[in-house]
Amino acid sequence: MKKISVRTSDGQEFELEENLAMESATIKTSLDAFSRDDIILLPNVNSWEMVKIIEFFTKVQELETKFGVKFMEKKEGRFLEAFQAEFDKDLSDDNLYCLLWTVDYLGIEVLLENLCHLMAERTKNKTVESCRNLFGVQHDYTPEEEAEIREDYSWAFEGPEIEE
Amino acid sequence: MGTKRSCYSLGEDLIVEILSRLPVKSLMRFSCVSKEWYSLTRNSYLINIHLHRADSNLSLLTHEYDRDKRFNTDPKFGISMLGDEAADLVSIDLPILSNSSKFTNIVGSSNGLVCLVARVKKKRRKFMDSAEIIIWNPVTKQFRSLPKPVLEENFHRFDRPTLGFGFSDDNTDDYKLVNIFHKQVQVFTRSTNSWREVEGKGYPSCKYCYGDFWVSLKGVLYWSARTDRSKGRFVLSFNLRDEVFHVIQLPSGNYWYSRLLLWKNSLAIVSRNQVWAAKTDDSDESGDNNKIVWTKQFSIDFSISRCEEVFGIWKDQVLIRRHISRYDRLYLYDPITKERGKLLRKPDEKNYYGYGQLVNYVESLALV
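Residue numbers (our numbering), protein chains in the order written: chain A, 1 to 164; chain B, 165 to 532.
Note that these hints are calculated values from the structure, not bench results. Keep in mind that this is a model prediction, so the values were computed, not measured. Honestly, I wouldn't trust all of these hints.
Below 25 Å or equal to it, Euclidean Cα-Cα: the simulated DMTMM-like pairs (lysine to aspartate or glutamate) are [said to hold, decoys possible]:
hint, chain 1, residue 1, chain 2, residue 2
1, A, 124, B, 200
2, A, 124, B, 219
3, B, 305, A, 148
4, A, 66, A, 37
5, A, 28, B, 177
6, A, 28, B, 472
7, B, 199, A, 151
8, B, 199, A, 93
9, B, 514, B, 445
10, B, 305, A, 93
11, B, 305, B, 248
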């Protein structure tokens, strides 16, 4: 199996299996444009992210074999749960956010779905403030406007599952 | 690994992907995050994606309680949701109406919206005068009262019209209602927020249209009907897209019940202990009225045949209703193994006595 070399923003080089490299639409486009012997520069990707991506990719392949699910098929609940169980504990919210951005940038569809699921699970029980922080969203409501929404949907703000 | 984020923002497409996987309660709360997020959660793009991810195995179950036969009072109406693996019944709060109207039945349920009728019980009142038509989203808890159709005066004053509700296609933007009253057919569209008379092409003017036991499938509404008391039953369909009626004949020789069902994504009907389903006969390519072929799907072994009947279909199981003593109970039944399954929990109300309708439901963000 041919290996493709990439260099991340902090100068570290990785050798990727060709089938993994080809899952990235961005890398694939570069390969089509240039020689396969060149190193591909990825200035928007950190080395820790690349390590994680390689780890993820290997795990997704394992789980797909285990659950008999093919690439691009709708992932069943058990598959997603198993994926989440593996990776959830190691990633902080911010790191997950960055990783999601990077996987989107690299255009790795097969990982994107899993990461979106992970991100949704992390987000769903958050408070409004916590969610704003995570997604880096500017708070643009006046206090009166926000109070009105909170009153109209008061039931959505109550519940034991909502994290403090 | 850093612990502080120092990367770019996620694009809107990705945000929508993530939001589409969140439960409705979280999304309503996150409307507060920013004005942009508020718009996103009310935008048909997210609403449609979210809808397509939703579990479509839920049902709403209506029941009645507190009917006092001595004083001839109307029963109270309650509603529960049936869903999940365990077939648990979860009670749902109905909208609170400002006047003293009480809900009577569900006229339609599609793409997460439920259309209900409420009435103020006053003797000797024309139906539409005392009725209210409400569109409700049970999970966002939004609801509103629709303008009412104006019915022609020259018919028996207590006759009830038949109402239908649905979306004409997969787009969650525009829903329609149809109102059938003797020869008069009217359609309401959300976008115009008004009723208009329609030609009612194909309408056979039936005297008896059993409005409570409708089913809705792929943008078409179905009711069982008779042109006259003496004539046989047929199925009346209304296509919400082209607003045309069709009559679907039933095989002769069977005694058909008025309750319609959905079995494995096909229209189905009950004859005593048998369930039959409809299929389009693809070999007949003539005209706009595809020939429908009915085939028996399965029979049920009732254990107490005079007290049991088919109530509805949930996933691929049959719900059997048993009338015994003071109230109904529902059982799950597997038509393939013929095994009797779980007994559904009785509704909580003290004077509960019977079930009404079972309708398909899906949770969505659809706007009323």
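Status of the hints after comparison with the structure:
no., hint, in the structure
1, 124(A) x 200(B), "18 Å, holds"
2, 124(A) x 219(B), "17 Å, holds"
3, 305(B) x 148(A), "16 Å, holds"
4, 66(A) x 37(A), "34 Å, violated"
5, 28(A) x 177(B), "22 Å, holds"
6, 28(A) x 472(B), "64 Å, violated"
7, 199(B) x 151(A), "16 Å, holds"
8, 199(B) x 93(A), "23 Å, holds"
9, 514(B) x 445(B), "49 Å, violated"
10, 305(B) x 93(A), "31 Å, violated"
11, 305(B) x 248(B), "21 Å, holds"
The structure fails hints 4, 6, 9 and 10 (numbered hints given earlier, in ascending order).
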